[in-house]
Amino acid sequence: MINAVGREIPDALLVNGKEVYQGKNYMDGKYLHKAAPTTRRYEKPQESKIVATLADALKQCGAKDGMTFSFHHHLRDGDYVVNMVMKAAIEELGLKDLTIAATSLGSAHDPIADYIEEGKVIGIQTSGIRGRMGEVVSAGKLKTPAIIRSHGGRPRAIEAGEVHIDIAFVAAPTSDCVGNCRGIGGKSNCGSMGYAMTDAKYADHVVVVTDCLVDFPNMPASVEAIDVDAVVVVDSIGNPKKIASAAARISQNPRDLMMAENVAKVIVSTPYFKDGFSFQTGVGGPSLAANLFLEKYMDERDIKMGWAIGGICGPMVELLKKGKVGKVIDVQDFDLDAVNSINQTPNHFEMSASQYANPANKGAFVNKLDFVVLAALEIDTGFNVNVLTGSDGVLRGAPGGHPDTAAGSKVCIIVTPLTRGRMATVCEKVVTVTTPGDCVDVLVTDYGIAVNPLRPDLIECLDNAGIPHVSIESLKEKAYSLVGRPDDLQWEDKVVAVLEARDGTILDVVRKIKPLSL
Amino acid sequence: MIRRPKPERFRLRRTMMFMNAQKPGLIKDAYIYGCDSIMLDLEDAVAENQKDAARFSLYHALTTIDYGNTEVIVRINGLDTPHWQEDIRVCVAGGADGIRIAKCESAQDVHTVEAAVEAAEKEFGVEVGRTLLMAALESPKGILNAYEICSASDRMFGVAISGGDFRKCMQTKFSPDGVDMLAARGQMLLAARAAGIQCFDTVFTDLDDNEGFKAEVLQNKAMGFDGKSLINPKQIRLVHEVFAPTEKEVKQAEAVVRAYKEQSAAGVGVFTVNGKMIDIAFIPGAERTLRLAKACGMYEGDLV
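Keeping their order, the protein sequence lines are chains L and X. Position 68 (the first sequence) corresponds to 68 in the numbering used here; numbering is contiguous. Position 60 (the second sequence) corresponds to 60 in the numbering used here; numbering is contiguous.
These are computed hints drawn from the structure, not numbers from a lab. Mixed in with the good hints there might be a few duds.
Calculated cross-link-like contacts (lysine to aspartate or glutamate; reagent style EDC-like; alpha-carbon spacing at most 20 Å) [claimed, not checked]:
#: 1; chain 1: L; residue 1: Lys265; chain 2: X; residue 2: Glu211
#: 2; chain 1: X; residue 1: Lys214; chain 2: X; residue 2: Glu241
#: 3; chain 1: L; residue 1: Lys265; chain 2: L; residue 2: Asp299
#: 4; chain 1: L; residue 1: Lys494; chain 2: L; residue 2: Glu261
#: 5; chain 1: X; residue 1: Lys234; chain 2: L; residue 2: Asp446
#: 6; chain 1: X; residue 1: Lys28; chain 2: L; residue 2: Asp28
#: 7; chain 1: X; residue 1: Lys294; chain 2: L; residue 2: Asp463
#: 8; chain 1: L; residue 1: Lys87; chain 2: L; residue 2: Glu117
#: 9; chain 1: L; residue 1: Lys362; chain 2: L; residue 2: Glu135
#: 10; chain 1: L; residue 1: Lys296; chain 2: X; residue 2: Asp29
#: 11; chain 1: L; residue 1: Lys514; chain 2: L; residue 2: Glu492
#: 12; chain 1: X; residue 1: Lys248; chain 2: X; residue 2: Asp208
#: 13; chain 1: L; residue 1: Lys296; chain 2: X; residue 2: Asp208
#: 14; chain 1: L; residue 1: Lys296; chain 2: X; residue 2: Glu241
#: 15; chain 1: L; residue 1: Lys324; chain 2: L; residue 2: Asp299
#: 16; chain 1: X; residue 1: Lys261; chain 2: X; residue 2: Asp302
#: 17; chain 1: L; residue 1: Lys296; chain 2: X; residue 2: Glu211
#: 18; chain 1: X; residue 1: Lys234; chain 2: L; residue 2: Glu295
#: 19; chain 1: L; residue 1: Lys478; chain 2: X; residue 2: Asp66
#: 20; chain 1: X; residue 1: Lys276; chain 2: X; residue 2: Asp302
#: 21; chain 1: X; residue 1: Lys248; chain 2: X; residue 2: Asp302
#: 22; chain 1: L; residue 1: Lys410; chain 2: L; residue 2: Asp457
#: 23; chain 1: X; residue 1: Lys234; chain 2: L; residue 2: Glu261
#: 24; chain 1: L; residue 1: Lys512; chain 2: L; residue 2: Asp392
#: 25; chain 1: X; residue 1: Lys28; chain 2: L; residue 2: Glu477
#: 26; chain 1: L; residue 1: Lys478; chain 2: X; residue 2: Asp29
#: 27; chain 1: L; residue 1: Lys141; chain 2: L; residue 2: Asp114
#: 28; chain 1: X; residue 1: Lys23; chain 2: L; residue 2: Asp446
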């Protein structure tokens, strides 16, 4: 069946009430029955929940074949916990047919590719998939199609019972002996633990893995002991150097700066740029640099940002400390400046992934966003964005909060260079639709700006401000004139990944790529 | 193959951005930053044993990249090197808008280059006279001969001072108030204006010193320069801001040009606009202000 972004979704996937993507806000007003977990009662007072090893914790939680284990990705590319847990489950306990439901996965998890090839791991549910795991899944070696969800789509799916978590593993920079966890105060700090929160509330069992045991009570806790079955103390949960970079530096690349300045000009041209406006930006070169130019315009007009959300890094913390942002609400931290600020700097708060972006709850922050500035691997002439598959069709990215913030915000700005190496970023048809074009409003490239024709109001804003803009078709043609028009990718029929829209409908599928032969 | 339109001898040249002609990543789309002219360098930026590779890179850039309205000038190697004749052939064959003569010291230097350019134009079937010239003055001798250089050829559209070499010759160094080159800049400006060509200031090399850069650009404008050589795209915006006319200046210029057109049609030579006496002598200045305003996005009318 063809969905609202023109993608063919195999009928075999449209079972148990699954539908194809119908457009923005299709599920609005429908009811959701929340799937409560089955949890063990701990009536008898316990001095401590510490168990000696991960294998012991797995046994205590009744780990068996076919279970779903969940993980969160605050330790980013420095994470050791996914690999440690899967090793204990598969190599020590001999478990098989396991599913990993992670908020995201990266190249730190290359060893999991072996378990996929051995058939021990048969399911992957994640936002991001990269490195070797992306390659083996794209090669069709995972037994069931991977399910890719946005950061808001995941808590929605958990609450709806579409993902049932048997055991959630919480990578905790600090924990006390009963499992009150925080993202700071230890040796592998990550700051916010927002992505772990929904998992801990909806999993049947919760195991905390920490490398820094602190005195009870570890407060204020991000994940609370009331949800935790066991605490395992290990030597190290991650490589601090890869968890949070020293400080996200604003790019000095003139191309990035030029695009960032144009992003700021677009923002300033709209009626939403007024005192108290809200903002989210990514940490990519031009996205982050937009902060710098926006600050200049805020000063000029003597206005302040009301609040900012998202993954947070130093430059936003800096604005908060200067009093130019009222509040920062944070689901993840990208650098040490942000890690050291959360819950320490006044008005720097933590939030859960559901509170951040879940389309099925009653008050996600993304729905109050004025502006979001995002990157893209590809964007097509329908303004559909791909941030998941590379130009070779292999899984190597993550929707993350991209579809959620795009859908919720009043103005979604994509900023990307027109070409990357030999690849046209602005193209005829993206490899995979990860954010539908009806949620994307403005495209800023180094060769010009294009506004989605669905937003005549924004076209008028740019015209009134004297900001030149062109059609996205002309940008596509320019890109192809520079680097050539690529041949279509060659796919096999087998679906290797299903891309869920944030509302749970199917936005696109990724098929097995035919091996390239020259 | 890209065929560039015939170059305009006098056009807006607020910003001329240097870049190594051998670096495809730099030159492939340098026009996106909005400078008025780009200066593709075959001289100091290119190592001695890479001159030939740089010429190939330059030729392919000129013939395959559409630089649009951005002027494309090439800085060739000095006349004391074995490279300049071949540099000129490549510039002309590729269709560069103009050539910057490095280390120019006399009218004879201009004539020497002009003869080679004309020969190349004939060789490659390019309209004779199409390729413009500008001179870089890099020595005290060049400065002292500025007027004869500026007036040496109809192809000459401008003259620039090159601070690095000039300061070395003068046994001085960069000074934030510009006193190190005050006399040279002044002499060059006088010569350029006397010859009726444009005049450009040298590069500012400390990319981290925003205040110093701004001070220098303000001084450039106050002294009467037409524009400035740049080494990084992030310097463009400030120069354009500083060189932009004020809104009041634009309004006055528009009124002057409009009134002149009406009055001269009615046979009147001298008249007043907003209380000021205006005659034909004011018109070129007012038109220049409007052209500048148009380039800065401040004027959309059709008087220029």
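Restraint status (C-alpha distance of Lys296/L to Glu241/X at most 20 Å): holds (15 Å)
Given the hint that Lys234/X pairs with Glu295/L, test it: the Cα-Cα distance must not exceed 20 Å. The hint holds at about 18 Å.
With the threshold set at 20 Å, check whether the alpha-carbon distance from Lys494/L to Glu261/L stays at or below it. violated (44 Å)
Satisfaction of hint between Asp446/L and Lys23/X, Cα-Cα up to 20 Å: holds (19 Å)
20 Å limit on alpha-carbon distance, applied to hinted pair Lys141/L and Asp114/L: Distance ~10 Å between Lys141/L and Asp114/L Cα, so the pair holds.
20 Å limit on alpha-carbon distance, applied to hinted pair Lys478/L and Asp66/X: Holds, at about 11 Å.
Within 20 Å, alpha carbon to alpha carbon, are Lys512/L and Asp392/L? holds (11 Å)
Going straight from one Cα to the other, do Lys296/L and Asp208/X come out at no more than 20 Å? Holds, at about 18 Å.
Would the pair Lys261/X and Asp302/X pass a check requiring their Cα atoms to be no farther apart than 20 Å? holds (12 Å)
Going straight from one Cα to the other, do Lys87/L and Glu117/L come out at no more than 20 Å? The given pair, whose Cα atoms are some 14 Å apart, holds under the 20 Å limit.
If you draw a straight line from the CA of Lys214/X to the CA of Glu241/X, is it 20 Å or shorter? Holds: Lys214/X and Glu241/X sit about 10 Å apart, inside 20 Å.
Under the criterion that the straight-line Cα-Cα distance not exceed 20 Å, is the pair Lys234/X, Glu261/L satisfied? holds (11 Å)
Taken one by one, the earlier hints fail for this structure at numbers 1, 4, 6, 9, 10, 12, 20, listed in ascending order.
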